[in-house]
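Residue numbers (this note's numbering), protein chains in the order written: chain R, 1 to 474; chain S, 1001 to 1474.
Cross-link-like lysine-lysine pairs, in silico, PhoX-like; alpha carbons within 25 Å at most: (1) K325/R to K1333/S; (2) K278/R to K440/R; (3) K300/R to K278/R; (4) K333/R to K1325/S; (5) K333/R to K1333/S; (6) K1278/S to K244/R; (7) K1244/S to K278/R; (8) K1278/S to K278/R; (9) K1244/S to K1440/S; (10) K244/R to K1244/S; (11) K1278/S to K1440/S.
Hints were generated in silico from the structure; no laboratory data involved.
There are 2 protein chains.
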Amino acid sequence: MQHPAPDTPSRDRPEQASSGPSPRDVALENIVMMTGLGRYDDVRQLLADFHPADVAELLDQLDEPGVRQRVFRLLPPEAASAVLSLVSPAVRDELVADLSDRELAGLVEELDTDDAADLLETLPEERTPTVLAEMPSELAEEIGDLLDHPSDTAGGIMQTEYVSVPQYATVEQAIGLIRRAHDDVPEVHDVFVVNVERHVTGILPLSYLVLASPDEAVADIMDRPVISVPLEMPQDEVARILQKYDFVSVPVVDGQERLVGRVTIDDVVDVIEEEASKDIYAIAGVESESINLAHDSVLKRVGERFSWVVMTVLLGLVVALVISKVFVATFEKMALLAAFLPVIIATAGAVGLQSSTLVVRAIALGTLSFQRIVSVIAREAATGLALGASCGLITAAASYLINMGTPDILNLSVAVLIGMVISVTAAACVGTVQPIIFYKLNRDPAVAAGPLVTAFNDLLGTTLYLVVATAIQA
Amino acid sequence: MQHPAPDTPSRDRPEQASSGPSPRDVALENIVMMTGLGRYDDVRQLLADFHPADVAELLDQLDEPGVRQRVFRLLPPEAASAVLSLVSPAVRDELVADLSDRELAGLVEELDTDDAADLLETLPEERTPTVLAEMPSELAEEIGDLLDHPSDTAGGIMQTEYVSVPQYATVEQAIGLIRRAHDDVPEVHDVFVVNVERHVTGILPLSYLVLASPDEAVADIMDRPVISVPLEMPQDEVARILQKYDFVSVPVVDGQERLVGRVTIDDVVDVIEEEASKDIYAIAGVESESINLAHDSVLKRVGERFSWVVMTVLLGLVVALVISKVFVATFEKMALLAAFLPVIIATAGAVGLQSSTLVVRAIALGTLSFQRIVSVIAREAATGLALGASCGLITAAASYLINMGTPDILNLSVAVLIGMVISVTAAACVGTVQPIIFYKLNRDPAVAAGPLVTAFNDLLGTTLYLVVATAIQA
Chain R
1 MQHPAPDTPS RDRPEQASSG PSPRDVALEN IVMMTGLGRY DDVRQLLADF
51 HPADVAELLD QLDEPGVRQR VFRLLPPEAA SAVLSLVSPA VRDELVADLS
101 DRELAGLVEE LDTDDAADLL ETLPEERTPT VLAEMPSELA EEIGDLLDHP
151 SDTAGGIMQT EYVSVPQYAT VEQAIGLIRR AHDDVPEVHD VFVVNVERHV
201 TGILPLSYLV LASPDEAVAD IMDRPVISVP LEMPQDEVAR ILQKYDFVSV
251 PVVDGQERLV GRVTIDDVVD VIEEEASKDI YAIAGVESES INLAHDSVLK
301 RVGERFSWVV MTVLLGLVVA LVISKVFVAT FEKMALLAAF LPVIIATAGA
351 VGLQSSTLVV RAIALGTLSF QRIVSVIARE AATGLALGAS CGLITAAASY
401 LINMGTPDIL NLSVAVLIGM VISVTAAACV GTVQPIIFYK LNRDPAVAAG
451 PLVTAFNDLL GTTLYLVVAT AIQA
Chain S
1001 MQHPAPDTPS RDRPEQASSG PSPRDVALEN IVMMTGLGRY DDVRQLLADF
1051 HPADVAELLD QLDEPGVRQR VFRLLPPEAA SAVLSLVSPA VRDELVADLS
1101 DRELAGLVEE LDTDDAADLL ETLPEERTPT VLAEMPSELA EEIGDLLDHP
1151 SDTAGGIMQT EYVSVPQYAT VEQAIGLIRR AHDDVPEVHD VFVVNVERHV
1201 TGILPLSYLV LASPDEAVAD IMDRPVISVP LEMPQDEVAR ILQKYDFVSV
1251 PVVDGQERLV GRVTIDDVVD VIEEEASKDI YAIAGVESES INLAHDSVLK
1301 RVGERFSWVV MTVLLGLVVA LVISKVFVAT FEKMALLAAF LPVIIATAGA
1351 VGLQSSTLVV RAIALGTLSF QRIVSVIARE AATGLALGAS CGLITAAASY
1401 LINMGTPDIL NLSVAVLIGM VISVTAAACV GTVQPIIFYK LNRDPAVAAG
1451 PLVTAFNDLL GTTLYLVVAT AIQA
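Extracted from the complex, chain R is given alone in its bound form:
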């Protein structure tokens, strides 16, 4: 049991996470310095004290690719493979480019199959087959199969390492199987009990095995019936199941209900974080979740953001066209109307963003009750009305005070009041309904909460305000 797999590490680390400014940072500095001096044996010794997750952080922080590659090559294979799957994408690409196919295959072999597949997925497309060709054929085939599953499904996040025992086994036999599997499956979590067709008929948490007597039958102590997930289940649903039932692992089954792998709780943690990031970026109108703020080029950044920004511009140009052709006379009669356009746009935008974000998050967390959808929309509309009315009163009063003595001041204030109420209420409705429609159409609701809804609300707010103002002038 002293052979933890590289990516499921034991706790051998020198420092309490609880201590203050970490002696780790000092040691890391030493590593860089000694690498510079060519004292490689000392570096190797120092590196041995660190958890791969810490070495990965160090490599991410290093400024010089040359030093990074030298430090990386001083790591023993188990550590190197773990580090490779833990560094940031940019650093990984750089390290991988420096390795031959054979070297890379050697490192990939050390990883659990799910991490191996994830790593291979980041390679330039033409390299995956050549690296797989350097690996033992059985393992290459297993990993190749994993690569065929979409990466955001149960099949894409599962690992094929697990411990299964036949249902007629005794506790002692089960422990024997765990022992034999231990090099491949260091983190067992749960043992899966299977019948001859490889259907999972029960689950054995490790604690059951610890507490049972050796000659008990596993079928007598296992948990039944079993919750399993199909290969094609989306990863967020898989995560939701582990979370809901407080499982540490769940079996993955194929179309014939046969056991093919497992998803463990540490994968779920990553999935939940990934899904949250996706939503956040979608709301903000950024395409990719993988922008590295320090490293990525301006060109890449512009590329990931341009389409949403241009959509905003185009909707804004519709507003410009409408004002230019229809409402310019309204402004000519009363230029002061322009002074209150920004506050109405900004307020409607803010309220619309609130509504859409609440709906998107509720959908993501599974707390939105679609049976009560009418009540949800009605209450959000009422909330928009209440917010619009209070903001309208404040803004109308302010418009009166700021421009006291101006002719037509009352017209201005009334236009501001009504314009604000209508715009904000409409924004709350649009913000609520748009993500729900997207969800019902099987599109990502977070996309509907982003710049699209904001730009749409800008358009709506401006038009409604100017319609009211024009009507009052007439």
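Chain S: place on chain R using the hints.
Below, chain S alone, put in the same frame as chain R:
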């Protein structure tokens, strides 16, 4: 081992999560119907087949509080306590209000201490001491201690149920201790090895105990040194540590490094989701993460959102004041300028939101490198410039085409071009810098990414555009 604690349930559930339209829904409907008919014994039998997480979902979905309370009272105590800690806050408040202090105390006792403390925290303040008074004094004291820790720290999310063994123990003795503790600690995960001062000197994953021979000393097989977390560590840092090192549990220690509890991976999943929600809501400018879209009153919704909306209005009124007093003549000379105000505001707002969201998420995920902060800001500024220039050219061209033949058309287009470039670049800079400043001041960076930064960018965009327009007119 057939006594899973109510909140760390075994897998006894009737259905494959993989199957389609669930027979569960049908059964749930039956439960409601039979409750209506008063066939309580049948309901009890049906309920016994369901996981508490599913019963909680059912109760959340029920429309009639009367039916809900009757179903709840048919549950056996272990299930009832688990259900109570799993239902939505609104439903929990309602069920709790229907229970006497003694009844509630009986249910709280069944829970793990962390869930018990969480439940007591949701009670009306004056009720917590009266419920605690009905509980065994030792347990009441333990839970009272947990309530004293801020709920978003290690002390606030830990449980005091764990298994510890003295470091001179053998594997056999350790297993004996696990067996004795089993009613209290059904999910062991890791055994903590302690010395006489209760310092954690090693960690024993359960698999080590399964694989070792009974007479081995735990000190010989345990993992060392140990990573532990102090009581006051913020919950997101605790989550980060379990995630980084792939731990399933981590010991919590007090100021004297003594073992006082543990945080398990399932708590971490909740923390990560909670922190992501917090960020999302902060970016959207909503105060609370607990708005229930179907149930909460309009008054509560307005309350949670009003302060951010008003802040937007106030900043907007500053813009209105500036335009009214300084730039109204600019509009009087050329009303068409107003037509392009919305598109400039919206674009600057969109780009600013992108920048601030990227920074906030990078801070939350721990991927923002503060050593490279100058490079981060410079690249975001350059990205803003590139986006501003392209949007400016598009908008200027459009302004020319839309208003061809108007006098001063060239002035308008130039003002639009320069105004857009400057506003968007400024928005990217503000969006990047503002969350970083908030973070450095130990305030929540997500708050800086929300309506505040958007409203500020509106102000900036409008003013810059009008300054340019006025300068060109002069």
